[in-house]
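J.: Generate the whole structure from the sequences, applying the supplied hints.
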Amino acid sequence: METSQNKTSNPSLFTPGKMPAEMPIGTRSTSLDERMVNMSGLQTKGIHAWFGSHHVLEDISLDFPSNTVTGLIGPSGCGKSTFLRMLNRMHEFIPSASMAGEVFLDGEEIYAADVDVAAIRLQVGMVFQKPNPFPSMTIAENVLAGIKLANIKVKDKDSLLEECLTRAGLWKEVKDRLKLSGASLSGGQQQRLCIARALAVKPKVLLMDEPCSALDPGSTLKIEDTIHELSDTITVVIVTHNMQQAARVSDYCAFFLSDGHPGRIVEADRTDVVFTSPKDQRTADYVQGRFG
Amino acid sequence: MAIAIDSGTASSIERRKISEKRSLGDRVFRRGVTAGALTSFVVMCFIAALLFFRGFEIFRAFGLDFVTTSTWDAADGTIENAKFGVAAMLVGSIVTAVIAMVVAFPFVVASALFLEFYASKKLKFILVSILDLMAAIPSIIYGLWGYLVLMPLAAGWAATINKYLGWIPIFGVEVENFDASPFVSGLVLALMILPIAMSVTREVYSRAPLDQIQAAYALGGSRWGAIRAVVLPFGRSGLVGGMLLGLGRALGETIAVLLTLNLVFEVKFQILASAGGSVASLIASRIGEATPLELKALMAAGLVLFVLTLLVNFGASSIVARAERRVQ
Chain S
1 METSQNKTSN
11 PSLFTPGKMP
21 AEMPIGTRST
31 SLDERMVNMS
41 GLQTKGIHAW
51 FGSHHVLEDI
61 SLDFPSNTVT
71 GLIGPSGCGK
81 STFLRMLNRM
91 HEFIPSASMA
101 GEVFLDGEEI
111 YAADVDVAAI
121 RLQVGMVFQK
131 PNPFPSMTIA
141 ENVLAGIKLA
151 NIKVKDKDSL
161 LEECLTRAGL
171 WKEVKDRLKL
181 SGASLSGGQQ
191 QRLCIARALA
201 VKPKVLLMDE
211 PCSALDPGST
221 LKIEDTIHEL
231 SDTITVVIVT
241 HNMQQAARVS
251 DYCAFFLSDG
261 HPGRIVEADR
271 TDVVFTSPKD
281 QRTADYVQGR
291 FG
Chain W
293 MAIAIDSGTA
303 SSIERRKISE
313 KRSLGDRVFR
323 RGVTAGALTS
333 FVVMCFIAAL
343 LFFRGFEIFR
353 AFGLDFVTTS
363 TWDAADGTIE
373 NAKFGVAAML
383 VGSIVTAVIA
393 MVVAFPFVVA
403 SALFLEFYAS
413 KKLKFILVSI
423 LDLMAAIPSI
433 IYGLWGYLVL
443 MPLAAGWAAT
453 INKYLGWIPI
463 FGVEVENFDA
473 SPFVSGLVLA
483 LMILPIAMSV
493 TREVYSRAPL
503 DQIQAAYALG
513 GSRWGAIRAV
523 VLPFGRSGLV
533 GGMLLGLGRA
543 LGETIAVLLT
553 LNLVFEVKFQ
563 ILASAGGSVA
573 SLIASRIGEA
583 TPLELKALMA
593 AGLVLFVLTL
603 LVNFGASSIV
613 ARAERRVQ
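Quick note, the sequences are listed as chains S and W, same order. Position 167, counted from 1, in the first sequence is what the numbering used here calls 167; the numbers after and before it change by one each time, with no gaps. Converting from the second sequence to the numbering used here requires adding 292 to each position, the first position being numbered 1.
Be careful, since some hints might not be right.
Listing some non-contacts, in silico: residues in chain W with all C-beta distances to chain S over 12 Å [unchecked claim]:
| id | residue |
| --- | --- |
| 1 | Leu343 |
| 2 | Thr363 |
| 3 | Phe399 |
| 4 | Ile432 |
| 5 | Leu442 |
| 6 | Gly448 |
| 7 | Gln504 |
| 8 | Tyr509 |
| 9 | Leu511 |
| 10 | Ser514 |
| 11 | Arg515 |
| 12 | Arg578 |
| 13 | Ile611 |
A short, non-exhaustive set of chain W residues, derived as facing chain S with CB atoms under 8 Å [stated by the list, open to error]:
| id | residue |
| --- | --- |
| 14 | Ala353 |
| 15 | Gly355 |
| 16 | Gly512 |
| 17 | Pro525 |
Worth flagging that the hints you see were computed from the coordinates, not collected in a lab. Here a beta-carbon is modelled for each residue, glycine too, at the ideal position from N, C-alpha and C.
T.: Below, the structure is given as structure tokens:
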């Protein structure tokens, strides 16, 4: 047990230089080389998290290279969502929450004392488990809510609106009813609206916390298509309980497990490795649905 | 196996009456709570009926003039020579109540937001206790404080407002006496309605959906940004409802207004001038020495006030109910 955990704490696991270039990645169509993988992007070093005295995450070190999709998998309660929320400083909203360790965005520590948290969240966007459009706003206002909140000046709002909705795979469905309330859409459409809203502020990273868990299979596939397209320009980190989804959308996978202890990473590797030749027996059991 | 019912026969089938046998305990309890609920309704109807029958003679004699004219003269006690009209009092009641609303509004919003989103737990507990206590202070205390402490101060503020904004009609005065004006009364009323309006508003703000607030933060919004994008739109009807509940209280307030307002039987909109009106205070000030006829007129005035506050409270509760439906 100790050996496998020590291995995964090693950040070099995600260094692309050690990866055979010809090897297909997950089930994705484009290879990582085409998407200019580099070591900018998001990195965590020795992350711990607590709620009060309850230690929920222990020593999580992961790299999320630019323009890749990383799936965080593991049974409920293993700390994946907590970890995700630490990547854009949403963790600190829970009054009893505390943390240790470092998170770097393009080399800058986002928990540093002189950091503007709102500026971090502009660069690291988030899509939540439950679709949460602003019901008092129209579809168009929802998409542009971020630039209004952050006082970003945009010359051509209409084209930004169209661009974001197109990227989120929603433009065709809503282009004739942009003035309707965001709450009038179906659940799957609302979630894509939330993705469009997150994209409007041009984030470098998009965090997705089980974005499809409340959606039907058709909407889920649409969102997965969206994730595929986004990863050409954005780094995506996605928490999912759906193993097929993790296999379909991600380049890398990190398997979290708490097992009565604080959540730790059992194994983190390229998705095809995690799914076809995991090093740890527990990973094999989990991805094959034998527990969790 | 499921069997389809032929729709032709379905229409001829007699529907069963659904009934149940209730236990003794349930029946007793049911009658008890029903009686309790009806009592308050019956009492309210009795009050309205009393006011109406006592004031009926006045309504018959003066008709609409009772609410559109402003002379209050019991004369020799006969209905032929007397003149009663509450227009000035009615307008005055509304003017002071509106001043109270306008003054209280920013404090209501600010304190509700502060308590829900900025105050520490401990500070919130202390401040909420103080505000609840404010609601429990008898209105005579507010009246005395308004008369002794606030009036001299507010007269100075009124003079300043008049000096710089006197060209706006409502801030103009004919005589430079700023004591016992609707402005002073309105300030006292503002303090009195603050607790109830604030507590309703805070309650609704506290139920603003957390997932939307987090969405606003996740978009790079500041706390104020999240409040503006989520909490204020969500809490709008709660705020309106809370303010209207306060308005209901302000309209009916008697003693605090009586002490801080100079009642004058003339419809006026100069809020800084030492002349105003209040139906409730009119009744309180006249009832001691009223002739039997004037007493009837006061009853009629009471009915007018009763209907007005009823309408305001009814509007308030329906708005609050609508807000609560949206929460659920």
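J.: Look at each hint and say if it fits the structure.
T.: Status of each hint after checking the structure:
Interface exclusion of Leu343(W) from chain S stands, the closest Cβ pair being 43 Å apart, more than 12 Å. Thr363(W), annotated as away from the interface, keeps every beta carbon of chain S farther than 12 Å; the closest lies near 50 Å. For Phe399(W), the non-interface assignment is confirmed: its Cβ lies about 24 Å from the closest Cβ of chain S, beyond the 12 Å cut-off. With a least beta-carbon separation of about 42 Å from chain S, Ile432(W) lies farther than 12 Å from that chain, consistent with its non-interface assignment.
The claim that Leu442(W) is not at the interface with chain S holds, since no C-beta of that chain comes within 12 Å of its own (minimum 39 Å). The claim that Gly448(W) is not at the interface with chain S holds, since no C-beta of that chain comes within 12 Å of its own (minimum 41 Å). Separation of Gln504(W) from chain S is inadequate, the least Cβ-Cβ distance of about 5 Å not exceeding the 12 Å criterion. For Tyr509(W), the shortest C-beta to C-beta distance to chain S comes to about 7 Å, within the 12 Å cut-off, and the non-interface label is violated.
With a closest Cβ-Cβ approach of about 4 Å to chain S, Leu511(W) is found to fall inside the 12 Å limit, against its non-interface label. Not every beta carbon of chain S lies more than 12 Å from that of Ser514(W), the smallest distance being close to 6 Å; the non-interface claim is violated. With a minimum CB-CB distance of about 9 Å to chain S, Arg515(W) fails to clear the 12 Å threshold, and the non-interface call is violated. Listed as a non-interface residue, Arg578(W) keeps its Cβ farther than 12 Å from every Cβ of chain S; the least gap is roughly 49 Å.
At roughly 16 Å from the closest C-beta of chain S, the C-beta of Ile611(W) stays outside 12 Å, upholding its exclusion from the interface. Annotation: interface hint on Ala353(W) violated; nearest CB of chain S at approximately 52 Å, more than 8 Å. At its closest, the beta carbon of Gly355(W) sits 47 Å from a beta carbon of chain S; the interface hint therefore is violated under the 8 Å criterion. Taking 8 Å as the C-beta contact cut-off toward chain S, the hint placing Gly512(W) at the interface holds, the least distance being around 4 Å.
Using the Cβ-Cβ criterion of 8 Å, the hint placing Pro525(W) at the interface with chain S is satisfied: the shortest such distance is roughly 4 Å.
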